[in-house]
Amino acid sequence: MACESALPAIMDEQALMGLNPNADACYRQRALAYFEQLKESLDGWEVCAEALAKGFYSDDHVKFFCFQVLEHQIKFRHGSLTAAQQQLIRETLMKWLQAQLMNVHPEKPFIRNKAAQVLALTFVMEFLTLWPKFFFDILNLVGLNSNGVDIYLRTLMAIDAEVVDRDILHSPEETRRNILIKDTMREQCIPALVESWFQILQTYQHTHSELTCQCLEVVGAYVSWIDLNLIANDRFVNLLLSHMSIEELREEACDCLFEIVNKGMEPVDKTKLVETLCQVLQSAGFFNIEQEEDVDFLAKFSRLVNGMGQSLVLSWTKLSKMVDVKVSVETLRAVEGKVPLMLQLLIHEDDDISANIVGFCYDYLLVLKQLPALSEQQKTNVEAIMLAVMNKLKYDDEYNFENEGEDEAMFVEYRKQLKMLLDRLAQVSPELLLEAVHRVFNATMQNWQTVQFMEVEVAIRLLYMLGEALPASHGAHFSGDTTKTSTLQSMMRTLVSCGVSEYQHSSVTLEFFETVVRYDKFFLVEPQHIPSVLMAFLDHRGLRHSSPKVRSRVAYLFSRFIKTLHKHMNAFIEDILSRIQDLLELAPPENGFLALLSSDDQLFVFETAGVLIVNGESPAERKQALMRSLLTPLMEAFHMLLAKLPQEADEERQAVLADCLSHAVGFASRTSKAFSNKQTVKQCGCSEVYLDCLQTFLPALSCPVQRGPLRSAVRSFLHRMIICLEEEVLPFIPAASQHMLKDCEPRDLQEFIPLISQITAKFKNQVSPFLQEIFMPLVMAIFEVLSRPAEENDQTAALEKQMLRRSYFSFIQTIASSGMNEVMASQEAENIERVLFTIIQGAVDFPDPVAQKTCFIILSRLVELWGGKDGLVGFPDFIYKHIVPACFMAPLKPTFDLSDAQTVLTLSECTLTLHMIHLKRGLECIQFLQEYLPSLQVSPEITQELCQVLQQPDVKVLKNYMKVFFQQAKL
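In the numbering used here, the protein residues as written are 1 to 971.
By construction, these hints were calculated from the structure, which means they are not laboratory data.
Keep in mind that a hint or two might mislead.
Distance condition first, Cα-Cα at most 35 Å in a straight line; then the derived DSBU-like pairs of lysine-lysine [to be verified]:
#: 1; residue 1: K682; residue 2: K521
#: 2; residue 1: K182; residue 2: K133
#: 3; residue 1: K682; residue 2: K549
#: 4; residue 1: K563; residue 2: K869
#: 5; residue 1: K484; residue 2: K549
#: 6; residue 1: K182; residue 2: K419
#: 7; residue 1: K764; residue 2: K644
#: 8; residue 1: K54; residue 2: K75
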């Protein structure tokens, strides 16, 4: 678009019509084009400036549009504007501001905010150079006019966002500029600004609450970096305190005081400030919170008290490290003085008020933890906090367990904060906590039938929380310290024998099972309770509970319970299996079938069944029969569904069938988790049934539809079978691989490579002939996928290719490091060369330090294997032509970032490759470097130095040298 001025002095009225949100698309399009035209034009924006200065338009959208055009000029073109144009912007803004003073009806807030942003941008660009009197000009113009004051305050907040706000990222240059702006403001105009704030607050506190609140917000924002004495003085603090008694202002006044308290200061000064403020607040009656009904204000007040408390704790922490004990003791006394108020706020029925004081409470407990001994009063405080936490952990009547929304999520977060307090209480006084929980737990369990659900839930939850609050290594809560052990044991005995698992509320039921599993080692000590707990898991209380949420969680917890206690399950195995039999059925792919458990939950039940069968004491024949009866229905269903799938035309229906087939494979795979290796499978006589599964599942690989999910499922099963059946799997691998390499997607290949790598690493020479055969087809499939064109901005495709490239290099690394060089060496010379070039390319050309590191590991290994006298023919030549240059070209690339930890690891492998070349080729390597390095503009002295370092035996010295070498080379 041309940039010369060819615009009329008036604006394009038809284009402006498109600014209305309800305008037709063609008008909106024209407005957009006009906006671009005005932005690009060298002086088109002046039309907008004139429209604003003279108030040509009453339409809000047009005014906003004009400010946007002006904003673009200031933000992106300010430096190229002439002095006259810069002056025009200043005059426009001041004329517009002057016009606001006369307006009976102020502009809409979105216009005022945009104007404030434009004023703030102009300030940032011009305050240090062209407009040092920015604030004085605005203050002289607006005085105490309410419309003018509003724009002034909004501008101050916009300046805070541009110059001070730490959440906004700035370039180093902008950061330096912002520091200079703040320093200049402190020197030249902050006292005048503070005075203006005082006048605004005093003038409008009774007549214009919105302006007063805006001003309090400004004070709060600026107090962090201006001289505190300008604000923390009698006249200002008294004014703020008077606002604390005015309903419309009190919340904002609280926030303002919070910012004052939060300002960084020396500990003695901070203590003095907080104490003074506290005395004034207390004598004004603000500490009598039981008389306060406004919960929104109390939430703000709680935050203020929290800020004061945490400030005092921080001061004490700093002072306690100094020699002056007297001042430290006084500060601790000040902290203690706030505890009664803290407790009142912590126990408040409103959770927001309580949550806002948790920080101070947590820090206070940290102080107590550091003291050599607790006074009686401090012990009383600890007990009071403990009781408060126990009470506040309770759910309220309104909590919706079936449909948890935002309120429920906030309570869950609040509970996490309370849990942190409980953990800290345990550090301060574990005996006290144990005793308190024991007392509450016993009292509740004695009367659980008549107590409300929230009381019962919290009693069990407290027992559960002790597990983390009083940690034990590997969950050994029932050995060691006798007091703790006997108390926990007593509570667990009560939990499982008092009948509370029958309580008719899902939160209690869940807490019961969570606690049983957390303390599953209790049943090793008292196994007589196992049968009753097993029944709870299996009946209407657990896996058959009316709530899907409970059933789902119990399925997982039951698998954990059985895993821990499998040695005690022998007498119950067949009973359990018969009771869960209907939960082990593959849900048919029919719409509307409502299974008790989701397929994800069923995975845990299948794993549980596997663990029970494998770890039982039955003879191998019985185990084999049980495992077959578990897996045969899956195989039969799979066979039937796989026959149906290719005949199904509807794609959605195909996906449902494929899903069902995948679940069948997943369930079979999960039963094998009970086995650790081939030995355990053999001992149970289960090899044959898993081989049958393999033969049943493998035909899915040649299914012409739904390839992705089916391949993924069978691949996962093969991974498991390699562990469980070892070499018995090998006959199935060639055919499976052939199918999996047909019509591959990047993800297919990426997931297939780990399977081949697992086989390579596990069976090594046993699979060498197979690998020699599959090596090039696999490599060619990878090359083909990597060479497919992708759209430039397709991030997903780019990431998939990067991950596939990494997988490919990992595969080559596995082969090289498994001592199976014959797999590559047996390929045709041109294919070997092609693969070697991809490794060089991976080491140098792709800015991916993970892949580059792998490539250098491969190169180092290949040099070790083939770089000696009896190595691969022609390989020494390849070393000098390509590997040595790669060791220098890769680290010299601009993308090779030596401040990145992953890249430093890559450089380390690159150095080891050079070291290996020298080990294998000796003096010949040194002579080559003496000729090669000068071609990289390396001086003769540095070349000589590098060659000497390379010849000494300590690799660490070489690594350090090479890092410095490349750092210097990149300067």
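**Message:** Check the hint pairing K563 with K869 against an upper bound of 35 Å on the C-alpha distance.
**Reply:** violated (56 Å)
**Prompt:** Taken at face value, is the distance from the CA of K75 to the CA of K54 at most 35 Å?
**Reply:** Roughly 23 Å between the alpha carbons, so the hint for K54 and K75 holds.
**Asked** Taken at face value, is the distance from the CA of K521 to the CA of K682 at most 35 Å?
**Response** Holds. K682 to K521 sits at ~30 Å (cutoff 35 Å).
**Prompt:** Is K182 close enough to K419, meaning Cα to Cα at most 35 Å?
**Reply:** Outside the cut-off at roughly 42 Å; violated.
**Item:** Hint consistency between K484 and K549 [alpha-carbon to alpha-carbon, up to 35 Å]
**Value:** holds (33 Å)
**Message:** Need the status of pair K764, K644: alpha-carbon distance at most 35 Å?
**Reply:** violated (39 Å)
**Holds or violated: K182 to K133, with C-alpha atoms at most 35 Å apart** = holds (15 Å)
**Prompt:** Can the restraint linking K682 and K549 be considered satisfied, given a maximum Cα separation of 35 Å?
**Reply:** violated (38 Å)
In this structure, the hints that do not hold are numbers 3, 4, 6 and 7, in rising order.
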